[in-house]
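Enquirer: These are the residues of each chain, in order.
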Amino acid sequence: MQFDEPLIFERSSPGRRGYSLPESDVPDVALEEAVPAHWRRDDLPLPEASELDVVRHFTRLSQRNYSIEHGFYPLGSCTMKYNPKVNDATAGLPGFSFIHPHQPESTIQGALSLIYHLSQAIMKITGYANCSLQPAAGAHGELCGVLMMRAHHVKQGNPRRKMIIPDSAHGTNPATAAMCGYDSIEVPSSARGTVDMDALAGLLDEDVAGLMLTVPNTLGLFEQDIVEICRMAHDVGALVYCDGANMNALLGAVQPAALGLDVLHLNLHKTFTTPHGGGGPGAGATCVNETLEPYLPVPLVREEDGAYAWDYDRPDSIGRIHSFYGNFLNQVRAYTYIRTLGGEGIERAGEYAVLNGNYLKERLRDAYALRYDRTCMHEVVFAGLKEKAEGVRTLDVAKRMIDYGFHPSTVYFPLIVPEALMIEPTETENKDTLDEFIDALLAIAEEAQTTPEKLKEAPVSAPVRRLDETTAARRPNLRWEPPSP
Amino acid sequence: MQFDEPLIFERSSPGRRGYSLPESDVPDVALEEAVPAHWRRDDLPLPEASELDVVRHFTRLSQRNYSIEHGFYPLGSCTMKYNPKVNDATAGLPGFSFIHPHQPESTIQGALSLIYHLSQAIMKITGYANCSLQPAAGAHGELCGVLMMRAHHVKQGNPRRKMIIPDSAHGTNPATAAMCGYDSIEVPSSARGTVDMDALAGLLDEDVAGLMLTVPNTLGLFEQDIVEICRMAHDVGALVYCDGANMNALLGAVQPAALGLDVLHLNLHKTFTTPHGGGGPGAGATCVNETLEPYLPVPLVREEDGAYAWDYDRPDSIGRIHSFYGNFLNQVRAYTYIRTLGGEGIERAGEYAVLNGNYLKERLRDAYALRYDRTCMHEVVFAGLKEKAEGVRTLDVAKRMIDYGFHPSTVYFPLIVPEALMIEPTETENKDTLDEFIDALLAIAEEAQTTPEKLKEAPVSAPVRRLDETTAARRPNLRWEPPSP
Amino acid sequence: MDYVPHSSADREAMLRAIGVARAADLFHDIPADVRHPQLDLPPGLSEPEVIRHLNELAQQNQNVQSLPSFLGAGCYNHFIPSIVNALILRGEFLTSYTPYQPELSQGTLQAMYEFQSMVCLLTGMDVANASMYDEATATAEAALTACSVTKRAKIVAPDTFNPTTLDVLETYAEGREVTLERVPAFTIADDGALRDNWDAVAAAIDGETACVVVQVPNFFGWVHECQELAETVHAHGALLVVSADPVSLGILTPPGEYGADVVTGEGHGLALPPGLGGPRLGLYATRKKYLRQMPGRVSGMTKDIEGKRGFVMTLQAREQHIRREKATSNICTNEALAALAFTINVSWLGPAGMRKKAELCLAKSHYAAAQIDALPGFAVSTPGPYIKEFVARCPAPVDAVNAHLLEHGVLGGYDLGNVRPELDRHMLVCVTELNTREDIDRLVAALREFAN
Amino acid sequence: MDYVPHSSADREAMLRAIGVARAADLFHDIPADVRHPQLDLPPGLSEPEVIRHLNELAQQNQNVQSLPSFLGAGCYNHFIPSIVNALILRGEFLTSYTPYQPELSQGTLQAMYEFQSMVCLLTGMDVANASMYDEATATAEAALTACSVTKRAKIVAPDTFNPTTLDVLETYAEGREVTLERVPAFTIADDGALRDNWDAVAAAIDGETACVVVQVPNFFGWVHECQELAETVHAHGALLVVSADPVSLGILTPPGEYGADVVTGEGHGLALPPGLGGPRLGLYATRKKYLRQMPGRVSGMTKDIEGKRGFVMTLQAREQHIRREKATSNICTNEALAALAFTINVSWLGPAGMRKKAELCLAKSHYAAAQIDALPGFAVSTPGPYIKEFVARCPAPVDAVNAHLLEHGVLGGYDLGNVRPELDRHMLVCVTELNTREDIDRLVAALREFAN
Ligand SMILES: Cc1ncc(COP(=O)(O)O)c(C=O)c1O
Ligand SMILES: Cc1ncc(COP(=O)(O)O)c(C=O)c1O
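Residue numbers (my numbering), protein chains in the order written: chain A, 616 to 1100; chain B, 616 to 1100; chain C, 63 to 514; chain D, 63 to 514.
Isolated chain A, as found in the complex:
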């Protein structure tokens, strides 16, 4: 059942009404008296719709989305694993969803305890000395982390100027560095897909504030020289930032702190199953070793004799990065998930994520160009089709996946792999699903040779065909305009 659906504004009709609010039970206040004339708005051309209209509109819109609950969603670096329903149930408890951040601490002990114990669990999983759950997403966690690096250097007397970032890095890394006032210096990748150690050696100096590495990196490869890299950086007084978006691969396998990485952000909405929601709310965590611990944003939660309290008494803190304590209801989800899995489950998650990644790699390598022929971690990156076909691009391969019932994998990222096709299966996909996906990708590779138009015309089974993105950017239409009166 799939319907085209107009804008909610186009469903509007004057005088129709959906809302249901109480009649006032207090004396009327004349708007004219309470608010001066120039402060009162004239019109507000919002949609007028009945409750049923609204429910139908958004139900129909929803059915124009693909989601994890439809099928395989192998976006690389996104960890589209199953988002357990029990997490939504616990996050929806009124004892969590209806608490106010300014309530007296005595009335929110359950919430503070949850934050405290989630932090502890994250510290156990990552090996760090402390962490903050204040970041609202991964990039926000990066900002938090790099600001702490900066604070450390400032404390040492010099904020320094440069941030070294591999050419395979996610765009948020250089963007974050820039926001914190650092110049990004790109370090190239080696033939093995990891940091080129010679190039790195040549870049490191006393003006380098730090490195931002992704572990495993965005090629799905573990930086085998990571310990050495950290040592080299520390030798010049630089710090090493770990983008932990790919932490799913490392669960139970290694604690990033043990590798010498000074600071790490996690995407709870990847590794710890809080849903992506079509682009958030996410939830970040920024974890630090002892060096950076003083700079964590305020507040934290501390425990004393079984009682929990907000802790603002952190003189070297970078300050606040969010109005309150981040996306708490997603912290409830992540906590539910971690308590469900326990240590053993966490380790299994990582192990099977890597198993699935390597299985895909091996089964697809005859048809797709394996860029780095080595064991991968939780994801694998191909440089498009192995046997190139006239005029067929990776985008066409990706769009054709739709007609086979799958969400496309990530394409054209990392930037250093031409025609990149980046596939992350996650541990919650079973072998049957992987096999179906493999069969589809092999069939598509075949089609690329025999019937390439099938790829170029794809998708044909989605609610819309390929869209004109050029015009969208050139002549942006970004909002509905009320008809002129």
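Hints were generated in silico from the structure; no laboratory data involved. A quick note: this is a predicted structure, and the numbers were derived from the prediction, not measured. Some hints could be false.
Covered stretches of chain B (chain C as the covering partner; in silico rule of three or more C-beta atoms under 8 Å from a C-beta of chain C) [unchecked claim]:
id: 1; segment: 753–759
id: 2; segment: 782–790
id: 3; segment: 815–827
id: 4; segment: 850–863
id: 5; segment: 951–959
id: 6; segment: 995–1007
id: 7; segment: 1087–1093
Ideal Cβ placement from N, Cα and C applies to all residues, glycine included.
Model the placement of chains B, C and D with the ligands on the given structure of chain A, informed by the hints.
Expert: Leaving out everything else, chains B, C and D with the ligands in the frame of chain A:
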């Protein structure tokens, strides 16, 4: 996004597991000791699937359904109106969903109070002396009602033998009469679509236990002679049953009790917005006047000084008709709805249901054969297309509605209208939706003349085309069979 | 607040199209003297107000999540995973009608087919319908169907059968020339111990007997021997109707294997929370030869005109909307969404989960029984294998014991004095996978305190 | 319990296909000495256990549904209708990624477009993005964008602005050569009365000023005059950034009409319950000329190759994944589902509901203010029009007053002593459409008792 989906059994793989249950925290009990060998089953070939598999399977299945939340669903006599989401929220409160029927009354005062006040509200709306909410659906309510009629006659010394039922009646009416040991006697409808009064006069005698009428009847027409009919029935000691499935039309317009109808059932899942769920759980209410009050099933809820209690002390009761007190969580929904609407809202619901019904009637009468040219109530019945088209049947018209994005109306019921097309819009549909539906029906009537194959081949936009019902009935395949080992 | 979307402009335009001046004119067929009465209802509430009010009512109830509960006796607090609610509340399932138009109802129809398959596999029967209101009405319909099939009028039931079900059966039988014989199938010893008296059931069967209805496990929790009984029943040309708890079928032999002709059961425990006893979910399965006498909805697999697999409601010639007064039952709306919940949960449990759940009930109930049996003044008295419910004799009337337990924050077991006055010191204790050892120890501690 | 679906047969087959003997072999790139540490976590819990545990934690909290609450100060308990949760929890919305593949994301993309439209209409601006983390980060990004646009380094903010937002802004500004000047925009009279000192803001603007950020209504609840200020700002070549409460925009003049260049705001009050302050929803709208400097995701309407309407994420050249270190911001994941909730709720409210909600806040807060002002020892001190929050001076420190209120089952207002020590007897009282008169009377009665 629409996918074919295999059976969950076909998604099964040995050793896969979805469930999550606690490990035992008590000493083990050896199954072999607790349960003798011949009582222990060998195998249980249920599906083996992960939680994600299960979520995906049923999400995909759901998308193969049309529902009120997709669009207009004008099944006649079904009152497919908006089912408010707030009702689901209140019914989901743990204080309702997790209470046990055997709890001490002192621990369920809120629930008993709700039952009591819902009963009171229903009595106010219908005008009856009392009611039971024990029936789990409409037909169950009928059974309850007719058993009470029987109990009354038994008490008078003779259960009597006959039940008079109009030829336009819903199938549950004669089926219920039969279950209660009555012979159904059909009374024909007049040219106006209501009970043929002469025929009725000829059928009434002292062996008639009662009449079962639907008000308004299944043609959407109000029995204008209803008061007279009740008088005639009462004159021979018969009682009059009112099938209240169509009560939506009468809300605030008239109390059925005031018309002389002795007993009435309501479908809370029609009139009072509890969702149909693809075929239940419904919820019924059976309402009675003073004559039948002693026979209500046990228990009822009584109130004394603000305390509520189960009342079993009803010596003439027909007994129990359900394990407990009916579909309580749907009673919570119906109560939420009635409290939301209040008296004024209830009256508006009825008024607009009838307004919408008549609007459709007038707008469609040029293209569809109006069977009875008079004011209708909440629904209208046409005898198919006005201008018949070679080989085009009402079924084809109905299936073609699907391709226009609507659920088909009821077809071939009531049985007395040839090629019946029975349309009930309900009050929650706005004029735009009705107009779109009208336009579609007019276009279909046009197509019937110009391109009849479009009707005969319809639907083409549903997940499946027309299905082979004949083979389904002749060689029934009603279950999955495990592969023989 | 109401849900009427009409603006006054819409309303006027529609009245004009109809050709009347006022909506009131559409009601002229209703006798004027009773038309448009004043409805004496409380005024409507806005959504925040109605939520507040319902929250208040809900909070006036204690519930089995807020207090440890040992109540069963036909309604059970089994674990229902979060996915069930998340899925059954999807509007596509929740707000669709009975699947009369199969092209737009494939989701519901396929789920019904899967449900039927699961019920068959659990019970060991050939066919199943897609639900009845509850176990009581399912059993009543089964027994009456047996009367039609055999053209006999006597129904035999042991008094270890759930008495409420037998009450419902009697209500249902009212209009028919049918009698129910309740056979004393257990005795009460002087010390209050219960004894199995199962042979009495076989003895009550004669050439008039249409069917014997038995419950497995019985109302008191234990399992009667059925194999031999089935032979006796069949030898007399009667039918055996077994009402089985589907949770117990995770480990118990399916009734189909010991000769049941119809199997009914209460499925809510695998589908929905207690909900004060409703909605519930009646299961009904039978042998192929009784298929055309089976009441209720059935989904069948078929093909569309392009050869694609699809599902339809089938064998409708049994049903009221086709067969009218000759229908097998008057049932129409059933418990489809509860059946869906059951299907989801059983898919999630799988064979291993079904067994695990039953084994947890077994272990926990036996633990509780052992603890209680060891208390001074208490004795467990269940003369047969049991899975989750057992009978505990108390040193005082159960209502006094339960009042004491409630003071200690425990919902005690079911007072069997409600069934038979002489059992007023017998408590039916139910322990499921949701009762922790801590819950049980709390119950036992409170009972011990009571004993002292 | 975990969610790994592999049977051991699957696992073996996969290892074989990969060509390794054990999964551990896949981790050989990790230094051996730190590989596979023992994780010192509590053991995993089954779903019933984890639900029980989380229920216990939740019950250790009081909440604004269980107690009447007068807390606001940046986080509000506005009514969110039931349809919002029912719709946003649909898996299609909940478990999809950022809409990188538009063909499979039309639902999210169209909702984003509708959201952007609503934000524009509410604020009176030309364009809006599809969300920021919260008002604080939205305002911080807006102010820093103003610095980039004007190539100036001074940000001016009155100290009636939410101090947390200003703190966040300072954190964000840390890496840049940017200063924030907090201007004293109110004074405290000897009797504790607050006085508007708005002219000081205009006075602080100079040729170095990149932007002035003001909040409407301000943190204390009242509305400052902005028309004139806007002129001064623009006369100096600076930008005006207005942080507006979208609830108040149901009745207040949109900032676009009095010269705002960027409007930010906190949208959670129209989308989600308080949730201890997160998730929230940052609004960001601006004028067309600043479109290419705007941070965040934007959905645009376009056509597919068949000419059918569709939506895509557009202007991505502003964003980190294309522009990298030159991006307008590092923001990636935003608050899409909260934006969807906002879009649903505002669709449901419509213009009439938006106005009604604001009017209810207005009436109820003024009722509460009048009652409190009449209490001995208390005085309301809000020197300007206000919609839902006002300042009440108390006869004792707010924490003592609040402790007393809590004993009486009321969550008192925000203690302004947290903002400035000398305001330790000033309570910021918030009253929304969800506070009934009964709630307010209960607050007032408890305050009266305190005063006596
Ligand atoms: C490697 C990497 N780093 C950082 C991010 C940014 O995370 P977020 O989108 O939660 O801000 C992502 C996700 O898109 C990522 O894949
Ligand atoms: C007129 C009429 N009577 C009775 C019924 C039976 O109601 P239910 O399906 O709830 O048993 C229906 C509904 O199908 C009906 O339309």
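Enquirer: Examine the segment 815–827 of chain B: at least three residues should have C-beta closer than 8 Å to a C-beta of chain C.
Expert: Coverage by chain C is violated for the segment 815–827 of chain B (0 residues, Cβ < 8 Å).
Enquirer: Under 8 Å between beta-carbons, do enough residues of the segment 951–959 of chain B, three at least, approach chain C for the coverage claim to hold?
Expert: With 8 residues in contact (Cβ-Cβ under 8 Å with chain C), the coverage given for the segment 951–959 of chain B holds.
Enquirer: Three or more residues of the segment 1087–1093 of chain B near chain C by CB distance under 8 Å?
Expert: The restraint on the segment 1087–1093 of chain B holds, since 5 of its residues have a Cβ under 8 Å from chain C and three suffice.
Enquirer: Go check the segment 782–790 of chain B versus chain C for me, would you? Three or more residues, Cβ under 8 Å, otherwise it fails.
Expert: holds (count 5)
Enquirer: Quick check: the segment 850–863 of chain B, covered by chain C? Criterion 3+ residues, Cβ under 8 Å.
Expert: Three-residue rule not met by the segment 850–863 of chain B, so violated; n is 0.
Enquirer: Verify this for me: three or more residues of the segment 995–1007 of chain B with a beta carbon less than 8 Å from a beta carbon of chain C.
Expert: violated (count 0)
Enquirer: Counting residues of the segment 753–759 of chain B with a beta carbon closer than 8 Å to any beta carbon of chain C, are there 3 or more?
Expert: holds (count 5)
Comparing the model with each earlier hint shows violations of hints 3, 4 and 6; every other hint is respected.
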